[in-house]
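**Student:** As they're listed, the protein sequences go chains G and F.
Okay, so the first sequence: first residue is 1 according to the numbering used here, each after it adds one.
Okay, so the second sequence: first residue is 1 according to the numbering used here, each after it adds one.
By construction, these hints were calculated from the structure, which means they are not laboratory data.
Take these hints with a grain of salt, some might be off.
Unchecked claim - Beyond 10 Å from chain G on every Cβ pair, some chain F residues (computed):
1. VAL59
2. GLN64
3. ARG77
4. ASN111
5. ARG123
6. ILE169
Unchecked claim - Simulated pairs of lysine to any residue, SDA-like, Cα-Cα distance not exceeding 20 Å:
7. LYS263/G with ASP143/F
8. LYS255/G with ARG5/F
9. LYS263/G with GLU211/F
10. LYS87/F with THR258/G
11. LYS263/G with ARG80/F
12. LYS263/G with ARG5/F
13. LYS263/G with LYS87/F
14. LYS255/G with ALA212/F
15. LYS255/G with ILE83/F
Just so it is clear, CB atoms sit at the ideal spot from N, CA and C, and this is done for glycine as well.
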Amino acid sequence: MPVQTVAPRIEVRPSAPPPVNSGKAKVAVRDLNFFYGRVQALHNISIEIPERIVMAFIGPSGCGKSTFLRTLNRMNDVIPATRVGGQVLIDDHDIYAPGTDVVELRRRVGMVFQKSNPFPKSIFDNVAYGLRINKVTSSSSELAGRVEQALKDAALWNEVKDRLKTSALSLSGGQQQRLCIARALAIRPEVLLMDEPASALDPIATSKIEELIFDLKKQYTIVIVTHNMQQAARVSDTTAFFLLGKLIEVNATEKMFTAPNEKLTEDYITGRFG
Amino acid sequence: MDLHRHLDDELSSLRDRVLLLGGEAEQALERAMYALSERDSDVAREVLDHDDQVDQLEVEIDRQCIDIIALRQPAARDLRFVISVAKMAPVLERIADHACNIARASIDLNNEPELNSALDLSRMAEHALQMLRAALDSFTSNDANTAREIIKSDSEINDLYNHTFHRLIELMVTEPATATRDARLLFVAKHLERIGDYVTDICELTVYMAEAAFIKHSN
Numbered sequence: 001m002p003v004q005t006v007a008p009r010i011e012v013r014p015s016a017p018p019p020v021n022s023g024k025a026k027v028a029v030r031d032l033n034f035f036y037g038r039v040q041a042l043h044n045i046s047i048e049i050p051e052r053i054v055m056a057f058i059g060p061s062g063c064g065k066s067t068f069l070r071t072l073n074r075m076n077d078v079i080p081a082t083r084v085g086g087q088v089l090i091d092d093h094d095i096y097a098p099g100t101d102v103v104e105l106r107r108r109v110g111m112v113f114q115k116s117n118p119f120p121k122s123i124f125d126n127v128a129y130g131l132r133i134n135k136v137t138s139s140s141s142e143l144a145g146r147v148e149q150a151l152k153d154a155a156l157w158n159e160v161k162d163r164l165k166t167s168a169l170s171l172s173g174g175q176q177q178r179l180c181i182a183r184a185l186a187i188r189p190e191v192l193l194m195d196e197p198a199s200a201l202d203p204i205a206t207s208k209i210e211e212l213i214f215d216l217k218k219q220y221t222i223v224i225v226t227h228n229m230q231q232a233a234r235v236s237d238t239t240a241f242f243l244l245g246k247l248i249e250v251n252a253t254e255k256m257f258t259a260p261n262e263k264l265t266e267d268y269i270t271g272r273f274g
Numbered sequence: 001m002d003l004h005r006h007l008d009d010e011l012s013s014l015r016d017r018v019l020l021l022g023g024e025a026e027q028a029l030e031r032a033m034y035a036l037s038e039r040d041s042d043v044a045r046e047v048l049d050h051d052d053q054v055d056q057l058e059v060e061i062d063r064q065c066i067d068i069i070a071l072r073q074p075a076a077r078d079l080r081f082v083i084s085v086a087k088m089a090p091v092l093e094r095i096a097d098h099a100c101n102i103a104r105a106s107i108d109l110n111n112e113p114e115l116n117s118a119l120d121l122s123r124m125a126e127h128a129l130q131m132l133r134a135a136l137d138s139f140t141s142n143d144a145n146t147a148r149e150i151i152k153s154d155s156e157i158n159d160l161y162n163h164t165f166h167r168l169i170e171l172m173v174t175e176p177a178t179a180t181r182d183a184r185l186l187f188v189a190k191h192l193e194r195i196g197d198y199v200t201d202i203c204e205l206t207v208y209m210a211e212a213a214f215i216k217h218s219n
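Chain G extracted, bound-state conformation (with noise of 0.2 Å):
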């Protein structure tokens, strides 16, 4: 659990780092603020992710992007004594107001976690299921139509489609991570959150998960957390860099890889921190 341990001793501007606003905002975080118990993670948080986009998250170890990432569909949720403060806007809708489904809430910001998490079924179960528990679909024919859908999407589909009813353990480590793309993409999404998606990938399962969340931007709005700063700079669109907990920079991605506006993120992004 990224957790620190001493008070942040961060020399950054009064005023929060603007937030990128090319576009229509589709999550829009204010001041938000997150303890695991009585210590606190997150600090004051605030930033806008446009819609249909990939913003990447980068910062060291235990910097609070995961943290952050997971207050976005409230995956935190699930962790004994956590609290969270300020709000989270999803189309304007603050998903930690009383009465939010938090089901339907995971429905439209899908996540992918680092380590891919088949369900021990076959590679067609794995991909109907959220539509399933959900009942999304109304007839066999649908339901096979929208899990071929959710394969193509995921770039998998060519790989597997004379082979869907076999394990999806038999899957290579990318390809998993690929059907675990596509189940999360079958129940259609609107927001992608994806924890260091590839890093436990080589680098050929890694470069097609990469070209996949190239084309996955045009449907949807994609947030990736990422220790590999070549990773971030070649999938995408803007760049946020937190360090102990704070947001010390958000700025388009080439901007940030090239002439970063921030001391400590230059300083992050060179290797010559600490």
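Once you've looked at the hints, dock chain F against the given chain G.
**Tutor:** Relative to the frame of chain G, chain F by itself:
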């Protein structure tokens, strides 16, 4: 050793090499102008003989930049530095080439009677050398403001070139017997004027390196 320390060492070595190349270009120009003004063809030949080493240095810098980009994947100020050096090295090599062309012209001119015409070539060369030295200093100290000032001073070389051009054309008309020598000196003047332009390029790269600002073609 920390990875960033390793990168710092490589960047430092790259900086040393590009400054060495700058020094070579500066020395080539200084010696070529000496060969011309003192009618010393031996010095001119030394400039020409030394050019292979200058070319080799440029290739080494090229290779080092490519290695750093491929292996270290520099970002932000490191990336701007490596890109600036990669673009600066051929500019410095071209300055040395112009110095060689001046050296060749001096060998030809030294075989003919001296021209007794008041020309601004020495002033042009001195100004070009001052610009080059200042440009290399501003690059070393990451000083964009000085680089901008140097760019402005290029107009002085251009003015001197225009004056020299008209003076030499005038000589060709009034003293046709000197036309061949006048033409050679006109080329020398043009080489010096081009060196001023190249120094401007170096300064633009320094501004990019220091401020991530593209000022090329921005007048």
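**Student:** What hints, given by number in increasing order, does this structure fail?
**Tutor:** Checked against the structure, the hints that fail are numbers 3, 8 and 13, while the rest are satisfied.
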